[in-house]
Amino acid sequence: MNEMQKQPEQQPVTYWTLFKSTFLISAFTVGGGFVLIPLMKAKFVDEYHWINDKEALDLVAIAQSAPGAVAINAAIIMGYRMGKVKGLLTTLLGTVLPPLITLTIVSQFYTAFAANQYVQMVLKGMQCGVAAVILDVVLDLVLKQCRKKLLLPILIMFGSFVASYIFDINIMYIILVDAFIGLAFMQKPVYN
Amino acid sequence: MLILWELFLSFATVGLFCIGGGYASMPLIQAEVVEKHAWLTMREFVDIFTISQMTPGPIGINAATFVGTRVDGIPGSIAATAGFVFPSLIIILILAYLYYKYGDVGAIRGILNGLRPAVVALIASAGVGILLLALWDKEKLPIAVSDTNKIGVLIFALSLAAVHSKKVGTIKTLLASGILGLVFYSLASF
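If you read the protein sequences in the order shown, they are chains A and B. Under our numbering, the first residue of the first sequence carries the number 1, and numbering increases by one thereafter. Under our numbering, the first residue of the second sequence carries the number 1, and numbering increases by one thereafter.
I should point out that these hints are in silico values taken from the structure, not numbers from a laboratory.
Subject to a maximum C-alpha distance of 30 Å in a straight line, what follows is the list of computed DSS-like cross-link-like pairs (lysine-lysine):
| # | chain 1 | residue 1 | chain 2 | residue 2 |
| --- | --- | --- | --- | --- |
| 1 | B | Lys167 | A | Lys144 |
| 2 | B | Lys101 | A | Lys144 |
| 3 | A | Lys54 | B | Lys167 |
| 4 | B | Lys150 | B | Lys166 |
| 5 | B | Lys166 | A | Lys84 |
| 6 | B | Lys172 | B | Lys140 |
If we strip away everything but chain A, and leave its shape as in the complex, we get:
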């Protein structure tokens, strides 16, 4: 865990950047959970270089293992990592405020909102943008896993994908099985 090299272009962490980035990601992301996480990864890892890939994936794994909404959990744990309890409250607020504000307004007149064709057009366009960001993050992560040339992680990756996407198996079972495989076979440093 001590291999977090400071990269030259690393942006300084301030509560304002933390709040701003989580707020905007949350505001523009429809779909929650695993849609929001790759966007956070794109921002915190690839753009700001605050943490590396490996630590980000560890944190998401922890977020996924705890009860509650994955998006909220991921925001909480990233915030804790960047700025302890104050950082955590910052990212939590940033993530929760956009749906809180939107839903308070929308709950008053949601039928008009749902039927509005211009709202639909913006949402449809954003869906393509979100898909592009996620695909970019996913390709990068998948290639990195493959480049390690280790059989077990690649098997876990493809197996979990098939289980989740093709067979719709509950994420909790997938996490449990993979945690067990890791515990049993992947304690050697080569897998770190």
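Please build the complex by placing chain B on the supplied structure of chain A, with the hints as guidance.
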């Protein structure tokens, strides 16, 4: 005051027992909100689904805000949302502390080594679903080439080029894709 406390407690229960995230929380919310407290009718409860499809945020937060607003206005929505995130906050705090303290212990290392490729797979799974939804209006295979949304492909390709170049930030890309959607689909509808 009592109603705020009830909202907080109700959604804390949902937050604590909703494991696996997303739509897994729906039956729990239904039990608390429709059956136990009768804060919403079944009809209104189903509407939360529809709203969550097109507004930001996890469905749990959306439900908490919606129900809270209906029951007691803005204080209600804050109490319910705070309740929903409270269990996560405590549990994640403990897990994060343990991770940074004992993350190097062999067994924990092994578990995390197994989970990292799984997280990649879960992100990929959501990504493929979103991509198909954006370009073919359905989340699962099979898809027909003739059904491809051409405007969608264009916006997708432009966004991908933008993010991949690393020159345009994530947020700006998302905003631009929304604007492009509005412009292209408006033009197409004439």
